[in-house]
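Undergrad: Given only the sequences and the hints, what does the whole structure look like? Please build it.
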Amino acid sequence: MTGWQKKPATALLILADGTRLEGFGLGAEGHAAGEVCFNTAMTGYQEILTDPSYAGQIITFTFPHIGNVGANDEDIETVNMAALSGVRGVILKADITNPSNWRAAEKLDAWLKKRNIVGIAGIDTRALTARIRENGMPNGVVAHSPDGYFHEPSIMAELKAFPGLEGLDLAKEVTTAQTYHWNQTSWQWGRGYGEEENPRFHIVAIDYGAKRNILRCLADQGAKVTVLPATATAQDVLDHNPDGIFLSNGPGDPAATGKYAVPTIRKLMETGKPMFGICLGHQLLGLALGGTTSKMHQGHHGANHPVKDLTTGKVEITSMNHGFAVDKASLPSGVTETHVSLFDGSNAGLKVEGKPIFSVQYHPEASPGPKDSHYLFTRFLNHVREQKGLDKQPEFVKP
1097 MTGWQKKPAT ALLILADGTR LEGFGLGAEG HAAGEVCFNT AMTGYQEILT
1147 DPSYAGQIIT FTFPHIGNVG ANDEDIETVN MAALSGVRGV ILKADITNPS
1197 NWRAAEKLDA WLKKRNIVGI AGIDTRALTA RIRENGMPNG VVAHSPDGYF
1247 HEPSIMAELK AFPGLEGLDL AKEVTTAQTY HWNQTSWQWG RGYGEEENPR
1297 FHIVAIDYGA KRNILRCLAD QGAKVTVLPA TATAQDVLDH NPDGIFLSNG
1347 PGDPAATGKY AVPTIRKLME TGKPMFGICL GHQLLGLALG GTTSKMHQGH
1397 HGANHPVKDL TTGKVEITSM NHGFAVDKAS LPSGVTETHV SLFDGSNAGL
1447 KVEGKPIFSV QYHPEASPGP KDSHYLFTRF LNHVREQKGL DKQPEFVKP
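In this note's numbering, each number is its position in the sequence shown, counted from 1, plus 1096.
These are calculated hints, taken from the structure and not from any lab test. There may be inaccurate statements among the hints.
Cross-link-like lysine to aspartate or glutamate pairs, in silico, DMTMM-like; alpha carbons within 20 angstroms at most [unchecked claim]:
hint : residue 1 : residue 2
1    : Lys1320   : Glu1482
2    : Lys1256   : Asp1113
3    : Lys1355   : Asp1265
4    : Lys1424   : Glu1449
5    : Lys1467   : Glu1491
6    : Lys1210   : Asp1169
7    : Lys1320   : Glu1291
8    : Lys1451   : Glu1491
9    : Lys1451   : Glu1366
10   : Lys1484   : Asp1335
11   : Lys1210   : Asp1191
12   : Lys1320   : Asp1339
Taking CB as the label site, the calculated pair distances span [unchecked claim]:
hint : residue 1 : residue 2 : range
13   : Arg1222   : Glu1293   : 47 to 57 angstroms
14   : Lys1256   : Asp1220   : 17 to 27 angstroms
15   : Pro1466   : His1298   : 27 to 37 angstroms
16   : Asn1164   : Thr1367   : 44 to 54 angstroms
17   : Asn1197   : Leu1486   : 38 to 48 angstroms
Glycine included, C-beta positions come from ideal geometry on N, C-alpha and C.
TA: Here it is in C-alpha coordinates:
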(Lines of atoms letter the chains of each structure in order from A and count residues from 1; the text may use other names and numbers.)
(Lines give C-alpha, C1' and ligand atoms only; values in the text may rest on other atoms or scores of the structure.)
Protein backbone atom coordinates (compact mmCIF):
# COMPACT_ATOMS: atom_id res chain seq x y z
CA MET A 1 0.00 0.00 0.00
CA THR A 2 1.69 3.15 -1.22
CA GLY A 3 -0.98 5.58 -0.03
CA TRP A 4 -3.53 7.66 -1.85
CA GLN A 5 -2.72 8.66 -5.40
CA LYS A 6 -4.47 11.28 -7.48
CA LYS A 7 -6.39 9.89 -10.42
CA PRO A 8 -4.80 11.19 -13.64
CA ALA A 9 -6.77 13.72 -15.67
CA THR A 10 -8.36 12.41 -18.85
CA ALA A 11 -9.83 15.73 -19.98
CA LEU A 12 -8.80 19.37 -20.25
CA LEU A 13 -10.63 22.67 -20.50
CA ILE A 14 -8.43 25.50 -21.75
CA LEU A 15 -9.77 29.05 -22.09
CA ALA A 16 -8.47 31.72 -24.43
CA ASP A 17 -6.82 33.63 -21.57
CA GLY A 18 -4.68 30.59 -20.77
CA THR A 19 -6.77 29.24 -17.89
CA ARG A 20 -6.29 25.47 -17.74
CA LEU A 21 -8.66 23.14 -15.88
CA GLU A 22 -8.23 19.38 -15.54
CA GLY A 23 -11.01 16.84 -15.20
CA PHE A 24 -12.30 13.49 -16.36
CA GLY A 25 -13.36 12.83 -19.91
CA LEU A 26 -16.74 11.68 -21.15
CA GLY A 27 -18.45 11.37 -24.49
CA ALA A 28 -16.37 11.45 -27.66
CA GLU A 29 -12.58 11.41 -27.65
CA GLY A 30 -10.67 14.27 -29.21
CA HIS A 31 -10.98 18.02 -28.81
CA ALA A 32 -13.36 20.77 -29.86
CA ALA A 33 -13.20 24.56 -29.67
CA GLY A 34 -16.13 26.92 -29.16
CA GLU A 35 -17.60 29.73 -27.12
CA VAL A 36 -18.06 28.66 -23.48
CA CYS A 37 -21.48 29.56 -22.05
CA PHE A 38 -23.57 28.30 -19.14
CA ASN A 39 -27.13 26.99 -18.94
CA THR A 40 -29.12 27.13 -15.69
CA ALA A 41 -31.87 24.63 -16.58
CA MET A 42 -32.39 21.72 -14.19
CA THR A 43 -34.08 19.48 -16.78
CA GLY A 44 -34.03 18.89 -20.51
CA TYR A 45 -30.30 18.40 -21.01
CA GLN A 46 -30.83 16.21 -24.06
CA GLU A 47 -33.05 18.82 -25.69
CA ILE A 48 -30.43 21.47 -24.91
CA LEU A 49 -27.61 19.38 -26.35
CA THR A 50 -29.54 18.91 -29.62
CA ASP A 51 -30.73 22.51 -29.98
CA PRO A 52 -29.16 23.80 -33.23
CA SER A 53 -29.00 27.28 -31.69
CA TYR A 54 -25.98 26.05 -29.67
CA ALA A 55 -23.84 25.51 -32.75
CA GLY A 56 -20.35 26.76 -32.06
CA GLN A 57 -20.73 26.65 -28.28
CA ILE A 58 -19.52 24.58 -25.32
CA ILE A 59 -22.20 24.31 -22.64
CA THR A 60 -21.48 24.48 -18.92
CA PHE A 61 -24.42 23.01 -16.99
CA THR A 62 -24.89 24.74 -13.64
CA PHE A 63 -27.12 21.91 -12.37
CA PRO A 64 -24.73 19.31 -10.91
CA HIS A 65 -26.56 16.09 -11.88
CA ILE A 66 -26.62 15.78 -15.66
CA GLY A 67 -27.28 12.40 -17.25
CA ASN A 68 -29.20 10.76 -14.42
CA VAL A 69 -32.30 10.20 -16.58
CA GLY A 70 -30.36 8.82 -19.53
CA ALA A 71 -31.09 9.52 -23.19
CA ASN A 72 -33.62 8.40 -25.78
CA ASP A 73 -34.64 8.97 -29.39
CA GLU A 74 -37.72 11.07 -28.55
CA ASP A 75 -36.10 14.03 -26.77
CA ILE A 76 -34.09 15.28 -29.73
CA GLU A 77 -34.69 18.83 -30.95
CA THR A 78 -32.62 19.13 -34.10
CA VAL A 79 -34.51 18.38 -37.30
CA ASN A 80 -31.43 18.11 -39.50
CA MET A 81 -30.07 14.77 -38.31
CA ALA A 82 -27.10 15.10 -40.67
CA ALA A 83 -25.86 17.93 -38.45
CA LEU A 84 -26.09 15.61 -35.41
CA SER A 85 -25.80 18.37 -32.82
CA GLY A 86 -25.24 22.06 -32.60
CA VAL A 87 -23.17 21.98 -29.43
CA ARG A 88 -19.40 21.42 -29.64
CA GLY A 89 -18.76 20.29 -26.08
CA VAL A 90 -20.18 19.88 -22.60
CA ILE A 91 -18.83 20.72 -19.13
CA LEU A 92 -20.24 18.95 -16.04
CA LYS A 93 -19.72 19.09 -12.31
CA ALA A 94 -20.22 15.38 -11.58
CA ASP A 95 -19.59 12.26 -13.59
CA ILE A 96 -22.54 10.72 -15.42
CA THR A 97 -24.35 8.11 -13.32
CA ASN A 98 -26.36 5.15 -14.54
CA PRO A 99 -29.77 6.32 -15.80
CA SER A 100 -32.83 6.04 -13.56
CA ASN A 101 -35.87 6.79 -15.71
CA TRP A 102 -38.42 4.58 -17.46
CA ARG A 103 -37.91 6.45 -20.76
CA ALA A 104 -34.13 5.99 -20.80
CA ALA A 105 -32.81 3.97 -23.74
CA GLU A 106 -29.09 4.43 -23.08
CA LYS A 107 -26.57 6.15 -20.86
CA LEU A 108 -25.82 9.75 -21.71
CA ASP A 109 -22.11 9.01 -22.10
CA ALA A 110 -22.80 6.51 -24.90
CA TRP A 111 -25.23 8.96 -26.50
CA LEU A 112 -22.59 11.71 -26.45
CA LYS A 113 -20.10 9.38 -28.12
CA LYS A 114 -22.54 8.61 -30.94
CA ARG A 115 -23.15 12.31 -31.53
CA ASN A 116 -19.41 13.14 -31.39
CA ILE A 117 -19.76 15.53 -28.44
CA VAL A 118 -16.62 15.91 -26.30
CA GLY A 119 -17.19 16.32 -22.58
CA ILE A 120 -15.41 16.96 -19.30
CA ALA A 121 -16.57 16.29 -15.73
CA GLY A 122 -15.09 17.17 -12.36
CA ILE A 123 -15.09 20.93 -13.00
CA ASP A 124 -16.23 23.51 -10.44
CA THR A 125 -19.06 24.68 -12.66
CA ARG A 126 -20.25 27.30 -10.17
CA ALA A 127 -16.85 28.99 -10.22
CA LEU A 128 -16.74 28.80 -14.02
CA THR A 129 -20.25 30.27 -14.23
CA ALA A 130 -19.28 33.13 -11.93
CA ARG A 131 -16.26 33.78 -14.13
CA ILE A 132 -18.45 33.95 -17.25
CA ARG A 133 -20.92 36.27 -15.53
CA GLU A 134 -18.08 38.58 -14.55
CA ASN A 135 -15.94 38.49 -17.68
CA GLY A 136 -18.25 37.35 -20.47
CA MET A 137 -18.31 34.20 -22.59
CA PRO A 138 -14.74 33.15 -23.48
CA ASN A 139 -13.55 31.02 -26.33
CA GLY A 140 -12.25 27.70 -25.12
CA VAL A 141 -11.36 24.15 -26.06
CA VAL A 142 -12.39 20.92 -24.35
CA ALA A 143 -10.26 17.80 -24.87
CA HIS A 144 -10.79 14.15 -23.91
CA SER A 145 -8.06 11.52 -23.97
CA PRO A 146 -8.70 8.28 -22.01
CA ASP A 147 -4.96 7.59 -21.61
CA GLY A 148 -4.31 11.07 -20.25
CA TYR A 149 -1.98 12.07 -23.10
CA PHE A 150 -2.80 15.33 -24.86
CA HIS A 151 -1.08 16.73 -27.93
CA GLU A 152 -1.36 20.28 -26.74
CA PRO A 153 0.05 22.02 -29.83
CA SER A 154 -2.86 20.71 -31.92
CA ILE A 155 -5.34 21.51 -29.14
CA MET A 156 -4.10 25.09 -28.88
CA ALA A 157 -4.04 25.42 -32.67
CA GLU A 158 -7.75 24.57 -32.80
CA LEU A 159 -8.51 27.09 -30.07
CA LYS A 160 -6.53 29.78 -31.86
CA ALA A 161 -8.29 29.01 -35.14
CA PHE A 162 -11.78 29.36 -33.65
CA PRO A 163 -12.95 32.82 -34.76
CA GLY A 164 -15.65 33.38 -32.15
CA LEU A 165 -19.34 33.85 -32.91
CA GLU A 166 -19.30 37.51 -33.92
CA GLY A 167 -19.52 37.74 -37.69
CA LEU A 168 -20.16 33.99 -37.98
CA ASP A 169 -23.08 32.65 -40.04
CA LEU A 170 -23.88 29.20 -38.66
CA ALA A 171 -27.44 28.88 -39.95
CA LYS A 172 -26.17 27.36 -43.18
CA GLU A 173 -24.47 24.59 -41.18
CA VAL A 174 -27.59 23.46 -39.31
CA THR A 175 -30.44 24.18 -41.74
CA THR A 176 -32.26 21.51 -43.69
CA ALA A 177 -30.78 20.60 -47.06
CA GLN A 178 -34.17 20.23 -48.71
CA THR A 179 -37.83 21.17 -48.33
CA TYR A 180 -40.02 18.84 -46.26
CA HIS A 181 -43.46 18.75 -44.64
CA TRP A 182 -44.23 18.39 -40.93
CA ASN A 183 -47.45 17.28 -39.18
CA GLN A 184 -46.25 15.75 -35.88
CA THR A 185 -47.98 17.18 -32.80
CA SER A 186 -46.87 17.47 -29.17
CA TRP A 187 -46.14 14.54 -26.86
CA GLN A 188 -48.94 13.45 -24.55
CA TRP A 189 -48.91 11.06 -21.63
CA GLY A 190 -49.93 7.56 -22.68
CA ARG A 191 -49.93 8.46 -26.36
CA GLY A 192 -46.56 9.88 -27.30
CA TYR A 193 -46.41 12.12 -30.34
CA GLY A 194 -49.49 12.48 -32.52
CA GLU A 195 -50.22 13.69 -36.04
CA GLU A 196 -52.32 16.50 -37.44
CA GLU A 197 -54.27 14.59 -40.06
CA ASN A 198 -56.71 17.31 -41.16
CA PRO A 199 -54.79 20.61 -41.18
CA ARG A 200 -56.81 23.78 -41.69
CA PHE A 201 -53.86 26.12 -42.23
CA HIS A 202 -50.58 26.08 -44.09
CA ILE A 203 -47.48 27.62 -42.51
CA VAL A 204 -44.13 27.91 -44.28
CA ALA A 205 -41.19 27.88 -41.86
CA ILE A 206 -37.76 29.12 -42.87
CA ASP A 207 -35.26 26.91 -41.08
CA TYR A 208 -32.28 28.78 -39.64
CA GLY A 209 -31.81 25.96 -37.10
CA ALA A 210 -35.39 24.98 -36.28
CA LYS A 211 -36.35 22.90 -33.25
CA ARG A 212 -38.82 20.04 -33.54
CA ASN A 213 -41.04 21.28 -30.74
CA ILE A 214 -41.62 24.58 -32.54
CA LEU A 215 -42.96 22.66 -35.52
CA ARG A 216 -45.09 20.52 -33.19
CA CYS A 217 -46.59 23.62 -31.57
CA LEU A 218 -47.54 24.92 -35.01
CA ALA A 219 -49.10 21.57 -35.88
CA ASP A 220 -51.00 21.68 -32.56
CA GLN A 221 -52.75 24.75 -33.94
CA GLY A 222 -54.08 22.78 -36.89
CA ALA A 223 -51.33 23.70 -39.32
CA LYS A 224 -49.48 21.77 -41.97
CA VAL A 225 -45.91 23.04 -41.89
CA THR A 226 -43.66 23.22 -44.92
CA VAL A 227 -40.02 23.74 -43.94
CA LEU A 228 -37.60 25.49 -46.31
CA PRO A 229 -33.80 25.94 -46.09
CA ALA A 230 -32.34 29.11 -44.60
CA THR A 231 -31.33 30.36 -48.05
CA ALA A 232 -34.87 30.17 -49.45
CA THR A 233 -35.89 33.24 -51.43
CA ALA A 234 -39.16 35.12 -50.99
CA GLN A 235 -40.40 33.55 -54.21
CA ASP A 236 -39.52 30.07 -52.88
CA VAL A 237 -41.74 30.78 -49.87
CA LEU A 238 -44.62 32.29 -51.84
CA ASP A 239 -44.62 29.42 -54.34
CA HIS A 240 -46.07 27.29 -51.52
CA ASN A 241 -48.96 29.74 -51.05
CA PRO A 242 -48.72 29.86 -47.25
CA ASP A 243 -51.33 31.27 -44.88
CA GLY A 244 -48.51 32.42 -42.59
CA ILE A 245 -44.72 32.57 -42.46
CA PHE A 246 -42.52 31.46 -39.57
CA LEU A 247 -38.89 32.52 -38.98
CA SER A 248 -37.08 29.93 -36.88
CA ASN A 249 -34.45 30.03 -34.17
CA GLY A 250 -30.84 29.35 -35.02
CA PRO A 251 -27.17 29.93 -34.12
CA GLY A 252 -24.51 32.48 -34.92
CA ASP A 253 -24.44 36.21 -35.53
CA PRO A 254 -27.77 37.53 -36.90
CA ALA A 255 -25.95 40.27 -38.82
CA ALA A 256 -24.02 37.61 -40.75
CA THR A 257 -27.08 35.47 -41.48
CA GLY A 258 -28.99 38.63 -42.30
CA LYS A 259 -26.88 39.28 -45.40
CA TYR A 260 -29.08 36.83 -47.30
CA ALA A 261 -32.05 36.47 -44.92
CA VAL A 262 -32.98 40.14 -44.43
CA PRO A 263 -33.77 40.92 -48.11
CA THR A 264 -36.01 37.83 -48.18
CA ILE A 265 -37.83 38.84 -45.00
CA ARG A 266 -38.40 42.38 -46.28
CA LYS A 267 -40.01 41.09 -49.47
CA LEU A 268 -42.20 38.71 -47.46
CA MET A 269 -43.37 41.52 -45.17
CA GLU A 270 -44.67 43.35 -48.23
CA THR A 271 -47.18 40.53 -48.87
CA GLY A 272 -49.19 41.30 -45.73
CA LYS A 273 -49.17 37.66 -44.68
CA PRO A 274 -48.94 36.91 -40.92
CA MET A 275 -45.36 36.43 -39.78
CA PHE A 276 -43.90 35.12 -36.50
CA GLY A 277 -40.23 34.85 -35.51
CA ILE A 278 -38.47 33.16 -32.59
CA CYS A 279 -34.91 33.84 -31.31
CA LEU A 280 -32.68 34.23 -34.41
CA GLY A 281 -35.89 34.73 -36.39
CA HIS A 282 -36.74 37.59 -34.02
CA GLN A 283 -33.30 39.15 -34.49
CA LEU A 284 -33.50 38.83 -38.29
CA LEU A 285 -36.94 40.43 -38.27
CA GLY A 286 -35.55 43.27 -36.16
CA LEU A 287 -32.78 43.79 -38.72
CA ALA A 288 -35.26 43.67 -41.61
CA LEU A 289 -37.29 46.40 -39.91
CA GLY A 290 -34.25 48.66 -39.67
CA GLY A 291 -33.01 47.82 -36.19
CA THR A 292 -29.60 46.59 -35.08
CA THR A 293 -28.32 43.67 -33.02
CA SER A 294 -25.35 43.34 -30.69
CA LYS A 295 -23.38 40.68 -28.83
CA MET A 296 -24.43 40.16 -25.21
CA HIS A 297 -21.97 40.00 -22.32
CA GLN A 298 -23.01 36.59 -20.97
CA GLY A 299 -26.07 35.75 -23.01
CA HIS A 300 -29.30 34.21 -21.75
CA HIS A 301 -29.32 30.42 -21.43
CA GLY A 302 -31.80 28.64 -19.16
CA ALA A 303 -35.40 27.66 -18.46
CA ASN A 304 -36.15 30.15 -15.69
CA HIS A 305 -36.04 33.59 -17.31
CA PRO A 306 -38.89 35.96 -16.37
CA VAL A 307 -40.33 37.99 -19.26
CA LYS A 308 -43.14 40.54 -19.19
CA ASP A 309 -45.64 40.68 -22.05
CA LEU A 310 -46.24 44.42 -22.29
CA THR A 311 -49.40 43.87 -24.36
CA THR A 312 -51.18 42.00 -21.56
CA GLY A 313 -49.17 42.84 -18.43
CA LYS A 314 -48.60 39.15 -17.75
CA VAL A 315 -45.25 37.82 -16.55
CA GLU A 316 -44.16 34.44 -17.85
CA ILE A 317 -41.25 32.14 -17.04
CA THR A 318 -39.46 31.32 -20.26
CA SER A 319 -36.71 29.27 -21.81
CA MET A 320 -33.93 31.30 -23.42
CA ASN A 321 -30.87 30.55 -25.51
CA HIS A 322 -29.23 33.49 -27.21
CA GLY A 323 -25.98 35.42 -27.18
CA PHE A 324 -27.13 38.31 -29.36
CA ALA A 325 -30.03 40.71 -28.84
CA VAL A 326 -32.03 43.32 -30.73
CA ASP A 327 -31.07 46.82 -29.60
CA LYS A 328 -34.39 48.23 -28.39
CA ALA A 329 -33.28 51.84 -28.95
CA SER A 330 -32.71 51.04 -32.63
CA LEU A 331 -36.31 50.01 -33.32
CA PRO A 332 -37.85 52.52 -35.75
CA SER A 333 -41.23 54.18 -35.47
CA GLY A 334 -44.06 51.82 -36.28
CA VAL A 335 -42.31 48.98 -34.45
CA THR A 336 -43.30 48.41 -30.80
CA GLU A 337 -41.47 46.52 -28.09
CA THR A 338 -43.91 43.89 -26.79
CA HIS A 339 -41.82 41.85 -24.34
CA VAL A 340 -38.95 42.65 -22.02
CA SER A 341 -36.55 40.53 -19.95
CA LEU A 342 -37.05 41.13 -16.25
CA PHE A 343 -33.47 40.01 -15.59
CA ASP A 344 -31.70 42.78 -17.47
CA GLY A 345 -34.33 44.80 -19.34
CA SER A 346 -33.17 43.61 -22.76
CA ASN A 347 -35.62 43.38 -25.62
CA ALA A 348 -37.60 40.13 -25.75
CA GLY A 349 -40.27 40.84 -28.36
CA LEU A 350 -41.60 43.24 -31.00
CA LYS A 351 -44.54 43.79 -33.31
CA VAL A 352 -45.20 45.87 -36.40
CA GLU A 353 -48.05 48.30 -35.86
CA GLY A 354 -50.99 47.70 -38.19
CA LYS A 355 -49.56 44.45 -39.58
CA PRO A 356 -49.84 40.80 -38.43
CA ILE A 357 -46.10 40.59 -37.82
CA PHE A 358 -44.43 39.92 -34.46
CA SER A 359 -41.57 38.01 -32.84
CA VAL A 360 -40.03 37.05 -29.50
CA GLN A 361 -36.44 36.55 -28.39
CA TYR A 362 -37.15 33.55 -26.17
CA HIS A 363 -38.49 30.02 -26.79
CA PRO A 364 -42.26 29.67 -26.25
CA GLU A 365 -42.11 26.07 -27.46
CA ALA A 366 -39.70 25.13 -24.66
CA SER A 367 -39.38 21.38 -24.22
CA PRO A 368 -39.71 20.00 -21.58
CA GLY A 369 -40.90 23.42 -20.39
CA PRO A 370 -41.90 25.87 -19.09
CA LYS A 371 -45.10 26.22 -21.12
CA ASP A 372 -46.17 29.71 -20.01
CA SER A 373 -45.64 31.12 -23.51
CA HIS A 374 -47.54 28.61 -25.66
CA TYR A 375 -50.19 31.30 -26.14
CA LEU A 376 -47.93 32.93 -28.74
CA PHE A 377 -48.63 30.16 -31.23
CA THR A 378 -52.34 30.82 -30.78
CA ARG A 379 -51.66 34.54 -31.25
CA PHE A 380 -49.86 33.78 -34.53
CA LEU A 381 -52.56 31.49 -35.86
CA ASN A 382 -55.23 33.98 -34.79
CA HIS A 383 -53.72 36.41 -37.30
CA VAL A 384 -54.15 33.65 -39.90
CA ARG A 385 -57.72 32.96 -38.76
CA GLU A 386 -58.56 36.66 -38.97
CA GLN A 387 -57.30 36.90 -42.55
CA LYS A 388 -59.35 33.84 -43.47
CA GLY A 389 -62.49 35.22 -41.80
CA LEU A 390 -62.52 32.61 -39.04
CA ASP A 391 -63.18 33.05 -35.33
CA LYS A 392 -60.16 33.63 -33.16
CA GLN A 393 -59.23 31.19 -30.41
CA PRO A 394 -58.58 32.29 -26.80
CA GLU A 395 -54.88 32.79 -26.15
CA PHE A 396 -55.06 31.64 -22.54
CA VAL A 397 -56.94 28.43 -21.77
CA LYS A 398 -57.61 27.42 -18.17
CA PRO A 399 -56.06 24.04 -17.30
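Undergrad: Quick check: which numbered hints come out false for this structure?
TA: Checked against the structure, no hint fails, so every one of them is satisfied.
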